[in-house]
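**Q** Sequence:
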Amino acid sequence: MALQKIKKNDLVVILSGEHKGKVGAVLEVSSKNQTVIVKDINKKTKHHKPSQENQEGKIEVREYPIHISKVGYMIKKGNAQNKGAVSSKIGWKLNEKTGKKERFLKKTKKVVAGDK
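Last residue of the sequence shown: number 118 in my numbering, and the count goes up by one each step with no gaps.
Treat the hints with caution; some may be incorrect.
[Stated by the list, open to error] Using 20 angstroms as the maximum straight-line C-alpha spacing, the simulated SDA-like pairs for lysine to any residue come out as follows:
#, residue 1, residue 2
1, Lys46, Tyr66
2, Lys111, His21
3, Lys41, Arg64
4, Lys78, Lys46
5, Lys72, Leu107
6, Lys9, Val63
7, Lys24, Leu5
8, Lys72, Gly93
9, Lys95, Gly74
10, Lys78, Gly93
11, Lys112, Val88
12, Lys41, Val63
13, Lys41, Ser18
14, Lys7, Lys112
15, Lys48, Pro67
16, Lys72, Ser32
17, Lys91, Ala27
18, Lys7, Phe106
19, Lys72, Lys95
[To be verified] Label-pair restraints from in silico Cβ distances:
#, residue 1, residue 2, range
20, Lys95, Gly59, 49 to 57 angstroms
21, Lys102, Gln54, 29 to 37 angstroms
22, Lys60, Lys34, 42 to 50 angstroms
23, Ser18, Pro52, 32 to 40 angstroms
24, Leu13, Gln36, 18 to 26 angstroms
25, Lys99, Gln36, 41 to 49 angstroms
26, Leu13, Lys34, 37 to 45 angstroms
27, Gly23, Trp94, 25 to 33 angstroms
28, Lys111, Arg64, 31 to 39 angstroms
To be clear, the hints were calculated from the coordinates, so they are not data collected in a lab.
Keep in mind that this is a model prediction, so the values were computed, not measured.
Where a beta carbon is used, it is the ideal one built from N, C-alpha and C, also for glycine.
Please construct the entire structure, taking both the sequences and the accompanying hints into account.
**A** If you want it as structure tokens, here you go:
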């Protein structure tokens, strides 16, 4: 499996679509489908019909996946409405001391903090 550039708990900016410009934390990454689920973004309502197990039925609101190409790693926060947040692409480079790969921001050339 290929290394993931966007990982769980990363702060991301939505780059295109209905939620463009909004910021949220990544809850889940699916490398198989190339999608991410972002907290409080792309929420939809799912109606469950009554059944043998669930006599009453229910209405569930949950986050749905967004394609990974529509999100970017956030490097600068925007204002209160999350307007003006700046994102960057992520690349890989080899750490010369440890010999391990590290994620870095292509705009600023800084290593992403929090990598193991």
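**Q** Now tell me if each hint is right for this structure.
**A** Cross-check of the supplied hints:
1. Lys46 - Tyr66: holds, 7 angstroms
2. Lys111 - His21: violated, 27 angstroms
3. Lys41 - Arg64: holds, 9 angstroms
4. Lys78 - Lys46: Violated, at roughly 28 angstroms.
5. Lys72 - Leu107: holds, 17 angstroms
6. Lys9 - Val63: Measuring from Cα to Cα gives roughly 24 angstroms; hence the hint is violated.
7. Lys24 - Leu5: violated, 25 angstroms
8. Lys72 - Gly93: holds, 16 angstroms
9. Lys95 - Gly74: With a Cα-Cα distance of about 18 angstroms, the restraint between Lys95 and Gly74 holds, given a limit of 20 angstroms.
10. Lys78 - Gly93: Satisfied, since the Cα-Cα distance of roughly 18 angstroms is no more than 20 angstroms.
11. Lys112 - Val88: Measuring from Cα to Cα gives roughly 15 angstroms; hence the hint holds.
12. Lys41 - Val63: The hint holds at about 12 angstroms.
13. Lys41 - Ser18: holds, 16 angstroms
14. Lys7 - Lys112: Holds: Lys7 and Lys112 sit about 14 angstroms apart, inside 20 angstroms.
15. Lys48 - Pro67: holds, 14 angstroms
16. Lys72 - Ser32: The given pair, whose Cα atoms are some 14 angstroms apart, holds under the 20 angstroms limit.
17. Lys91 - Ala27: Holds - the C-alpha atoms of Ala27 and Lys91 are around 16 angstroms apart, at most 20 angstroms.
18. Lys7 - Phe106: Answer holds: Lys7 to Phe106 is near 9 angstroms, not above 20 angstroms.
19. Lys72 - Lys95: Violated, at about 23 angstroms.
20. Lys95 - Gly59: 49 to 57 angstroms: For Lys95 and Gly59 the Cβ distance comes to about 52 angstroms; the hint holds.
21. Lys102 - Gln54: 29 to 37 angstroms: violated, 52 angstroms
22. Lys60 - Lys34: 42 to 50 angstroms: This hint is violated: roughly 29 angstroms between Cβ atoms.
23. Ser18 - Pro52: 32 to 40 angstroms: holds, 38 angstroms
24. Leu13 - Gln36: 18 to 26 angstroms: At roughly 19 angstroms between Cβ atoms, Gln36 and Leu13 fall inside 18 to 26 angstroms, so the hint holds.
25. Lys99 - Gln36: 41 to 49 angstroms: The hinted range 41 to 49 angstroms is violated for Lys99 and Gln36, with Cβ atoms some 32 angstroms apart.
26. Leu13 - Lys34: 37 to 45 angstroms: Between Leu13 and Lys34, where Cβ atoms are some 23 angstroms apart, the hint is violated.
27. Gly23 - Trp94: 25 to 33 angstroms: holds, 27 angstroms
28. Lys111 - Arg64: 31 to 39 angstroms: Given about 37 angstroms between the Cβ atoms, the range holds.
When each numbered hint is compared with the structure, violations occur for hints 2, 4, 6, 7, 19, 21, 22, 25 and 26.
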